[in-house]
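Sequences listed follow chains A and B, in order.
Counted from 1, the first sequence has number 178 at position 178 by my numbering; the numbering is strictly sequential.
Counted from 1, the second sequence has number 57 at position 57 by my numbering; the numbering is strictly sequential.
Do not take every clue at face value.
Part of the chain A face toward chain B, derived, beta carbon under 10 Å [to be verified]:
| no. | residue |
| --- | --- |
| 1 | Gly-55 |
| 2 | Ile-121 |
| 3 | Ala-137 |
| 4 | Leu-174 |
Simulated from the structure, these hints should not be mistaken for lab results.
What you are looking at is a predicted structure, and each value in this text was computed from that prediction instead of being measured.
Glycine included, every Cβ here is placed at the ideal spot set by N, Cα and C.
Protein chains: 2
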Amino acid sequence: MALEPSELIQQQIYVRSRKFAFETSRLRLPNGAVGDWSCIRHPGGALAVPVTAEGKFVLVKQYRFAVQGRLLEFPAGTIESQDDPFQTIQREIEEETGYRAHRWTHLGQFPLAPGYSDEFIYAYLAQDLELLDNPPAQDEDEDIELVLMSAQDFEAAVHRGDPIDAKTIASYFLARPYLSF
Amino acid sequence: MALEPSELIQQQIYVRSRKFAFETSRLRLPNGAVGDWSCIRHPGGALAVPVTAEGKFVLVKQYRFAVQGRLLEFPAGTIESQDDPFQTIQREIEEETGYRAHRWTHLGQFPLAPGYSDEFIYAYLAQDLELLDNPPAQDEDEDIELVLMSAQDFEAAVHRGDPIDAKTIASYFLARPYLSF
């Protein structure tokens, strides 16, 4: 993407959270409009579309405080400062699913919520999965259950409106051409 | 989705922006974990997948200050307090594209960025399009160009990594079964 920064006139508010910051800035946009806009500054997220040898997708059913409920998602995590996206997802898939992947394919990246966040999701296809005897511990605040689904079952769940988030649906679409079933 | 609220212990910070608020709360999650979490409280967004009689998808190339560049997106807008999602998207499609749609199909809804936002996107298929002679004015800060693409061109753009956001890819996937081409 060709970068086309806005002119920063004033930075008004800056809140730092665990994994991201929130700021309000007075900007002059490339079209000349001046105003105050707020957004989350995020280091990015890495996501895996894990597929077993039997053609099942490995998802997690995960509690999300923001929406007060449990969503079906592909395993993913925030990129930490010492890591790149690929290191992040190699760790996260083990922590969240107990699987290690031995074959990885980069599927691409996309902006998650560009109206108020600079986060990009870096998506990978994860294959040749090995179920670990002693998987690493999950983060303390994570509340996760493993769900294995066929492509048919996953697509049916999306189309009947099961709670599945945008990055999961988008990453499935990115992965589809790489899968022969 | 079955609602499963966390217990609110303390609300620490509250920033109100134009279209949403940002808050940090001390919560006790359903699994007992206690901590401070931040998120955007958003009224929701409504999105159209507009398709012309010739089978072209109507997209907008739009400047997004958060990612400092232009993204290809389906037309969408924030739900305003006096509106519901369907009223919102009927207005937004005209403002952003100059088209009025005479046939609407509700495609479903999905959480956009549940790690830090409660926003749901309400997606609609918009057909029987009429190009308006005098479309309503765009919002002053919007910087938008119309792009019409075939299904094949859109899918190629997604898979080669053109900057296209998560809600646009996910909504395309939701719309696909409703289209015969």
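Hint check results:
1. Gly-55: Check failed: Cβ of A:Gly-55 comes no nearer than 19 Å to chain B, outside 10 Å.
2. Ile-121: Result: holds, 7 Å to nearest chain B Cβ.
3. Ala-137: violated (13 Å)
4. Leu-174: Holds, about 7 Å.
This entry does not satisfy hints 1, 3, going by the numbered hints stated previously.
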